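**Student:** Each chain, written out:
4 protein chains.
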Amino acid sequence: MRILIDPRYSDYDTRGHVNNAVYLTYFEIGRHHAWRALTGLAEDYPFIMLESSVRYVSQAKWGVPLAMDITVAEVRTKAWVWAYRIVDSRDERLVAEGRTVQVMFDYDAQRSVPIPAHIREQLTRAIEARE
Amino acid sequence: MRILIDPRYSDYDTRGHVNNAVYLTYFEIGRHHAWRALTGLAEDYPFIMLESSVRYVSQAKWGVPLAMDITVAEVRTKAWVWAYRIVDSRDERLVAEGRTVQVMFDYDAQRSVPIPAHIREQLTRAIEARE
Amino acid sequence: MRILIDPRYSDYDTRGHVNNAVYLTYFEIGRHHAWRALTGLAEDYPFIMLESSVRYVSQAKWGVPLAMDITVAEVRTKAWVWAYRIVDSRDERLVAEGRTVQVMFDYDAQRSVPIPAHIREQLTRAIEARE
Amino acid sequence: MRILIDPRYSDYDTRGHVNNAVYLTYFEIGRHHAWRALTGLAEDYPFIMLESSVRYVSQAKWGVPLAMDITVAEVRTKAWVWAYRIVDSRDERLVAEGRTVQVMFDYDAQRSVPIPAHIREQLTRAIEARE
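Chains as they are written, first to last, in my numbering: chain W, 1 to 131; chain B, 132 to 262; chain Z, 263 to 393; chain C, 394 to 524.
In short, the hints are calculated from the structure, not lab data.
A portion of the hints provided could be inaccurate.
Unchecked claim - For each label pair, taking beta carbons as the anchor points, the in silico distance ranges come out as: (1) Z:Arg264 with W:Glu128: 36 to 44 Å; (2) B:Glu259 with Z:Arg264: 45 to 53 Å; (3) C:Glu514 with B:Ala198: 32 to 40 Å; (4) C:Lys454 with Z:Glu354: 30 to 38 Å; (5) C:Ala460 with Z:Ser320: 37 to 45 Å; (6) Z:Arg387 with W:Arg125: 16 to 24 Å; (7) B:Ala260 with W:Pro116: 54 to 62 Å; (8) C:Val506 with B:Glu259: 54 to 62 Å; (9) Z:Glu390 with B:Gly171: 52 to 60 Å; (10) C:Leu487 with W:Met1: 32 to 40 Å; (11) W:Glu128 with C:Thr517: 46 to 54 Å.
Values in this document were obtained by computation on a predicted structure and should not be read as measured data.
Ideal placement from N, C-alpha and C gives every residue a C-beta, glycine not left out.
One chain only, chain W, in its complex shape:
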């Protein structure tokens, strides 16, 4: 799934490139779109973050249009992995890539829970669609 990123001036730091922490916010934007596309759900997310990582490959300066590919990389019992690639949309130059692991979470009970069957099916289908 590809989405366009709308960089904000405040995303850039004194070096004139996107600040390193902002990539996790970009990943979050991707999760939002991917989650809605997969589940049709618009309310607050029923999962919690376990891990995230970013590899910074090249600099994104102010004015560079960015796009992000988000894919489901793995599905476990309670958790799953999303992978992200952010590119300069003009020439597909790789800017950054990363992964996040998140787990289904019952915020009222404050504990992790298995991924519901219908969501698992969508996540799994998203993997297969790529293969």
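Starting from the known structure of chain W, fit chains B, Z and C onto it as the hints suggest.
**Tutor:** Using the frame of chain W, we list chains B, Z and C on its own:
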């Protein structure tokens, strides 16, 4: 009431100075400290913002230590005004100043409410302490 | 000029609505689009902020699609005023409005300068187009 | 090296805990302090980020005081690794931990360079001090 601000690298933009929107976040930090000092309350704020304004007087570059004075400028029935002055703490050079108006708010009922008597007393006392 | 805002999950605070400081970032996004549309310039902005203000009219919850109208409200010798209205794009409910004053600035010389004639013409035309 | 974190209200998201991306900003605050302590340098950083990762261990709610330990985990020819642990400072409960890899970078020439000898010495000494 004076507090020290702990600028973050991500507060600075491509021009090397604090981004204009970040001053409202600094004001919010000031409100947090002032609110706790006045009321002793640590939970989520029982008020909502009505207005805010900032006047940018001089630039704050990376490395400049900042301090903020926050004062109660006015107390109304439901709302009150906080005023802020942000300075270079080395020489008191004025960097920015502003005001915010906020109103007591019942988030469950989703409506504004009068300022409780004990909070009004503290806010009023804060004005008088300055005079 | 109307633009769509792409709210980010991190724009929302513990109350579930857009944080008060984020509106200045939304205004900045509007300036970016308006500046490019008026001048055709894509490089870093040759102006600096003098003042900004926000009036918070109603809450924007997670999931509410936002749009912003940005207009030129006034043109002076060195400075000009942009006015902003942020609405729920589904029903035009007003969420927030505000103004910013900015001045043409020579960052190398560190001083304000008159608005160049061709930019003044575009800014003035933008006012007349509204009348 | 331990530093106190000054959480901001805007760091918290709709779930009432520190947003996942903010931890990279906390790490950045730690780098700032560690870099100054090690090198005595206050100007803009002469390095660039290669990688970062965060493991989210427990939630940090609004009001929880946070502290961070930052240590040098590894020193290579051009790059080095900083490791971070963020805890609830009242009881040392682990909230999040992570690592960043950064490389010395000549921003004018736009290429990585070896770590200067005197900085290497300080970074290496920081590792030995922990052993």
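**Student:** List, from low to high, the hint numbers that the structure doesn't satisfy.
**Tutor:** Violated hint: only 6; rest satisfied.
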